[in-house]
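Enquirer: Take a look at the letters that make up each chain.
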Amino acid sequence: MMIEARGLARTFKSRGSVVEAVRGIDLAVDAGEIVGLLGPNGAGKTTTQRMLATLLVPTAGEATVAGCDLRRDPIGVRRQLGYVSQSGGTNPAAKVDEELVTQAQLYGMSRAAASTRAGELRAVLDLAELGDRVIKTLSGGQRRRLDIALGLMHAPRLIFLDEPSTGLDPQTRANLWTHIRDLRDRSGGTILLTTHYLEEADALCDRILIIDAGAIVASGTPAELKRRISGDLVTFETDAVERARALLCDHADVRDVTTVERGLRVTVDRGETQAVPLMRALDDAGIKVGALHIAHPSLDDVFLTLTGRSLRDGPAA
Amino acid sequence: MTELDYYHYLRTLDAEPIEIAMFRDAMITFRYQMRLLLREPIWIVIVMVQPLLYLALYAPMLDSIARTPGFPPGDAWQVFVPGLLIQLGIFGSMFVGFGIIAEIRYGTVERMRVTPASRFGLLLGRVMRDTVVLLIQATLLTLIAVAFGLRVSPLGALITVGIVGLLGVALSSLSYAAGLWLKSEDALAPLLNMVSVPVLLLSGILLPMTLAPPWLRHLAQLNPFSHVVDGARAAFRNDLGDGSLVIGLVAAALLAVAGLAIAVRTFQRESA
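These protein sequences, in sequence, are chains A and B.
Note that the working numbering has the first sequence beginning at -5, numbered continuously upward.
Note that the working numbering has the second sequence beginning at 3, numbered continuously upward.
Rather than coming from a laboratory, the hints here were simulated on the basis of the structure.
You may find that some hints are simply not true.
[As the list claims (entries may be wrong)] Far from chain A by the CB rule (all over 10 Å, computed), these chain B residues: (1) Ala23; (2) Ile30; (3) Gly72; (4) Tyr108; (5) Arg115; (6) Thr117; (7) Ala119; (8) Ser186; (9) Pro192; (10) Asn195; (11) Ser198; (12) Leu202; (13) Ala263; (14) Thr268.
[To be verified] With a straight-line Cα cutoff of 25 Å, these simulated SDA-like cross-link-like pairs (lysine to any residue) come out: (15) B:Lys185 x B:Thr70; (16) B:Lys185 x A:Ala88; (17) A:Lys89 x B:Met29; (18) B:Lys185 x A:Arg9; (19) A:Lys89 x B:Ala104; (20) A:Lys130 x B:Arg115; (21) A:Lys89 x B:Glu112; (22) A:Lys130 x B:Ala104; (23) A:Lys89 x B:Arg26; (24) A:Lys130 x B:Ala263; (25) A:Lys220 x A:Asp233; (26) A:Lys220 x B:Glu112; (27) A:Lys7 x A:Val51; (28) A:Lys130 x B:Arg26.
Beta carbons: idealized from backbone N, C-alpha and C, even for Gly.
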């Protein structure tokens, strides 16, 4: 077991009020797993990760990270952990290898060993020719890969990535995902990442913990989570929402009806074959349907079902 | 280096005494920070422009003041240059807090805080960089003052530069503490202004406090920097047995120790 946390909680005091950022999280991550903390901004993902990285002291609970007790042996945790924060951490005036070598030296590596390791990692992360470049001249993708290289310099067994691909264009993001997958496949490292991108969680993670308002509301493989919303989703755009709802609720094929923007969404077993008869039924009752949309459940739907709001709309929705 | 080599190395690290680890981390940080500074060496020179202007445009006026009753022993240069060196020690170091705020923004501070590196080492390396730069500046300033007509014994000058170094340790530490605490340039700038002006006026740097009315002189006694300035002036007169030199050295050393202690406590706080 690489991470084991029990009842991990953190409250912040700000201007007299107490904010419960994380409310008692239990967490278990096996060696070699890629686990994602998925949730909207402000859900407590980063706070959880920062507690496990020894940057924040938990208000309650305990954890063992890479075999070391979080409270009693924070230095032991730090030695074995590679942490890549959301905003990265490079001085724009420094050169790539200066940052890489200094980072490794702070982990106790000799200058020569650090230099060799920097070269290896630059080659792996497509930064091969950039050792002598000043960091402010790097592209966003190159800088993000440098952030990751910094987290890997001391060959950690456990890697934390906080929002690894935020702010990157889709192509750079896909390229970064390849690197992250390679990371695990090559060295058998364990990765705990946070993300508010469903695509990222879906593409990278063996297991997802859905976190909302400081608590884990569901966990499982992406496929398991999607299976929790069995069936397909059919959306009808219509102005006569109330009449359509009454009709659809009574229909034998319909398992569930929710009101969405400009219409209704119903859950059925097989969208492709059942949508058209439903539409005909609405039409026969004189209800005009503007558009029809069939979707297979996504992680966003899982999130919507579990929390009553969409992940894409952010915390204020 | 393979990962196995690395884990072997980790085990040897465990056997290392904490002081050695701390000093190694300080040296790593010092070299890294020095390299970054030397990439923009213009800043080292800019800090020296202000004291040089004082030397050229202010010191010549002191010749006539030196003849007024109440002026301390020594000629105008011997009284003014030590004050100027102390001023360099204060103003050359107190703005380093802006640098740590920039580093917080870059995320480099947090990145280094997740490494096993000693907090004290990370701080000390930065303070060492600032102090080395300051010592070079103080030495240059003294040599230039000699060219202007200052007469000073090498030992007296050396002791004074040492005092300036201690002040540098104190003020760059305190400035880092303030920067880590405030985390914002907009808050740090007014704080530094608020502190520096009374410290300067009550230190006797610009004019010796012996010229001050009694109430002002008593007030200045409360300012540790005024004792440091008195000590530096005694060293410049080559009055090495003077009690004010001992008091000045002790005051500077206490400021350095207190500054480092406050800064390392701030650095160890989780939210820093």
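Enquirer: Which of the listed hints are broken here?
Expert: Of the numbered hints, 1, 2, 4, 5, 6, 7, 15, 24, 25, 26 and 28 do not hold.
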